[in-house]
Amino acid sequence: MSLLSVRDLTLKIGATEILHGVSLDVAAGEIVAVTGESGSGKSMTALATMGLLPAGARASGHIRLGGTDLLTLSERDLCQFRGQAMGMVFQEPMTALNPVQRIGDQVAETLRLRGTPRAEAEARSADTLARMGLHPERIPPSRYPHELSGGQRQRVGIAMALALRPRLLIADEPTTALDVTTQAKILDLLTRIVREDDLGLLLITHDLAVVHGRADRLAVMNKGRVVETGPTARVFAEMAHPYTRALFAASRHRATLGERRTYGPLLEVRGLRQDYPLPRPHPFAKARSQTALRGIDLDIRKGERVGLVGESGCGKSTLTRAILGLEAPAKGIVTLDGARVRADRRDPALRRKMQVVFQDPYASFNPRHPVARLVAEPLHLLGPVEDRAERVAEALTSVGLDPADAHKSIHAFSGGQRQRIAIARALVTRPELVIFDEAVSALDVRVRAGILDLIAGLSRSAGLAYLFISHDLSVVRGICDRIVVMQEGEIVEDRPAEDLFAAPEHPHTRALLEAAPVLPDSAGRAKEETTCD
Amino acid sequence: MLSYALRRLISLALSLAVASLAIFLVVEVAPGDPAGFMLGTGAQPDTVAALRAELGLDQPKLERYLSWAGGMLSGDFGTSYTYRTPVAGMVADRLWVSLPLALYALALSTLLAFPAGLYAAARRGRAGDVAVMGATQLGIAVPNFWFAMLLVLLFSINLGWFSAGGFPGWSDPLAAIKALTLPAFALALPQAAILARVLRSSLIDVLGEDFIRTARAKGLTRFQALWRHGVRNALIPVLTIVGLQFSFLLAGAIIIEQVFFLPGLGRLIFQAISQRDLIVVESVVMLLVFAVILVTFLTDLAYAWVDPRLRRRR
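Quick note, the sequences are listed as chains A and B, same order. Mapped onto this note's numbering, the consecutive letters of the first sequence carry residue numbers 1 to 533. Mapped onto this note's numbering, the consecutive letters of the second sequence carry residue numbers 534 to 847.
Derived from the structure by calculation, the hints contain no laboratory data. Nothing here was measured: the structure is a model prediction, and the numbers come from that model. Quick reminder that beta carbons are idealized off the backbone N, C-alpha and C, glycines included. Treat each hint with caution, since some may be false.
Claimed, not checked - Ranges of calculated distance between the beta carbons of each label pair, as one might list FRET restraints:
# : chain 1 : residue 1 : chain 2 : residue 2 : range
1 : B       : 546       : A       : 127       : 29 to 35 Å
2 : A       : 146       : B       : 616       : 52 to 58 Å
3 : A       : 501       : B       : 760       : 49 to 55 Å
4 : B       : 673       : A       : 335       : 55 to 61 Å
5 : A       : 294       : B       : 831       : 39 to 45 Å
6 : B       : 538       : A       : 347       : 42 to 48 Å
7 : A       : 278       : B       : 708       : 55 to 61 Å
As the list claims (entries may be wrong) - Simulated crosslink set (SDA-like; lysine to any residue; CA at most 20 Å straight-line):
#  : chain 1 : residue 1 : chain 2 : residue 2
8  : B       : 711       : B       : 699
9  : A       : 185       : A       : 94
10 : A       : 286       : B       : 699
11 : A       : 286       : B       : 538
12 : A       : 286       : B       : 543
13 : B       : 594       : B       : 844
14 : A       : 331       : A       : 344
15 : A       : 286       : B       : 540
16 : A       : 286       : B       : 844
Chain B extracted, bound-state conformation:
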């Protein structure tokens, strides 16, 4: 198990190195000079050159890559071109919104999906199954921003239980969680629908396995066999989806952040791109890549925890 984790860890470090190089190169070749953009179209060429020198954009590419990557290793993400403040601080502020939101949404989606998937698999082909599957179909089909607006209409405007948007900060944790509740629900719904479907079909596959019949021959009821022998064996594809969903929730919440006026990472990166604040773009993208790779690593560990056969292989 330790060796398995170590091997995964080495591949994680390698992926990060490759990703950092790729991000740097892509941002470099992308059109738009930050200095030119900041000074506007009427700027004098020598003013632009002076700003470029100030921002360090006139340095050789390799040197700039090394100083960027090296800085990140020591926690220095550089200084934003636009706001002239350290990127690390900007990102940290946003992460305090996006990370809890993603975790909240993931927890909700798992909590919704597991009972639904289990129930549908246990009642396969019957009315309960058809109802749950119909509901998940709807959950996938409905765009989450539209669902978000419905939530706002119902819970904020009509019932007045939640505020329609904004984020009060973590000084009052209860208020902060309350502010994240509607966005988390809006994000979780389609994810839960997908997860429930994956869990159901994975469980149904497992229920056809010989060892479920063996369990029944031991005297387990249908549901006991499903719960004790089915769920863990059905977990691998579910974990894969959960891992992918977390990565998506962290970075993909731009629209929901927009709907609820949340100062999250999605909005930060959107603004940074439109202002050619390349250093912020690079750093946030790198951070997201790191998160995705880390989640993949944790998913791999979870696979091995679930299935002892994977601890030796790979």
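In isolation and in its complexed conformation, chain A is listed as follows:
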């Protein structure tokens, strides 16, 4: 008998039905992955199991955990089940912990809640943290969350969920916010605990590569339904449902980049150094600083497509800000097309040549303005422009949107469309260089594939040069001629993309490549080709 058995789970929020008869099983000692795009209902299935649905949501059907139907329990009884019989780990380790409580206390709280005496709870909390890899001699339980890295915080989150040794663990995108190397470690940890404790793990992820080689069984969800389920290897081999095939194809999608054509230097970065002051231990202490960039040299030629890869904290963002002239570097020079980029000077002619697209397509727009105004924003750099409307229409058309929608406001568009609008805004001044700062990281695989195609197409047709920044090597691979790898404020490898993937030289590049989860190459491909015909 399975540990968790979800049968015909239907969920309504108001009059809208979100889940339509979802059925799932998780056995003890088994990892079951639920995958699908945002809005497919995978997180809602998890929250329904925990009984933590948003206000106004009504679930029907059956969710049995060890024989008890959770949907029939009162809120009070459910509180007894949470933490005790089932635990949950969330996506954002940065916000999932209480910032004003020590990590040891947060883990101990799970135990104290069930009446464990304080001293015992504290001891067991320290043990659990140690088991999750946070050994007290290095990371004492008296630390606060802000003193920990993302991966360490996620370990605290797992410790909290597992302190009472529940039989079921639900992990909702537990590694999505983490670097590849950290992701691999957290996934290893989860796998180890499942095997050691005979725990059932419901792993929710949008990333098929994470699923591969980790999950025993896989359920693919689309629009509130489980469209395909079975042992992971079989699902990957058969791909019975067209949606599974589409997901898989999009995950492995490579844009057609076209031939590398470069002409003349465009961006030159020389000896860039940046330091940030650290807090002083006392007011009379010597000022200390942290070095974010240690002498960066980087060239981008006109028409060249360069990828920049590195883990969080490696200096990618600092470099971007210095290139864009948003922040003056401590040392070094940035020149664009022969003119020096300076943070302290307004130079519209220079700024026009360089635009940026950020990660979050929603947060980077003023929600009160219509799209036409949002896209036209950079046009002030050109001085008085007569053909504003034409230029906006041209930019929208070039990113595959209908210029007739220019009067709509930003919430009328989906995430992928918003990112297209952000690209249109970057293109409206006809720049020479566009910086894509994690521009596809927040998007679903199929949407991401479309945006990557768009970017590749723009570079083919307009000869656009870009710097594509990402923490994800597999994304950068298909869209760049050259790849730059950064580590701790330094460029450790800078080579043509194919060379770098074929024979990475620097140990850090090799570590990044090894840690990155990969999709099976042979299994799906034969199938994919036959279905494409």
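Given chain A's structure and the hints, the job is docking chain B onto it.
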């Protein structure tokens, strides 16, 4: 933490120095000669000059500033022009009314606001929330002197539980507290209404945070999550308001002091201004500035106590 406190302390001292200079200059340029005012419009110029010399008003400005500021450091606030008694003693007498009144009102406002804010946040959007928010709306809208008169009407005149005004002194502490009760309530009500609203909206913001969901996943009930993880995180804006309110209560009770005939700081400064008793004005204003800066300092310390992330920064 110690370094944080030390840094705050240095900025406190600097603020005081700047404030003392500003107060001195503002009072200097304000129209009205104390000597001329004391002697009346018909006074002979040489009499006025003699009095000015006696009061030390003929000295150079810098010297007068230094002797005033230096005197205050050693606890000598100078001598009142009008009453010819040491300012320090006058201020101390009044402070013994105003400070307890402010603390009393602050305690009442906090005691009223916390349960109301917590309750409203926990029952957000439901009848209880609407009722509490309606009541706070009313509490903000009603002028406190009018509310004070209502209190007098009800509790002093009709029920006879409290006296309608005056202050018997601290020789009988119970009577003194009793005399301060109605004024403290009148002062606390609008403050409590504001505080309850700030607490409620701050709590509601915090309740949307991911770590509240994490707490619920650990098995905490809705209220446990609110109490154990919500309140402390919601406290920063509340502390800001509490700090501002205390400063206001100390100096801003003039009208309430007037309604209840309380010999507090507010009345002292009002009288001193109308009599051009500049040295008293300067000293009381300086004292209030000191109180405000001190409260800000304590609020800063409280921030760091509440939020460990602030202990390192700034």
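Sort out which numbered hints this structure fails and list those numbers smallest first. Hint check: 1, 10 and 13 fail, others pass.
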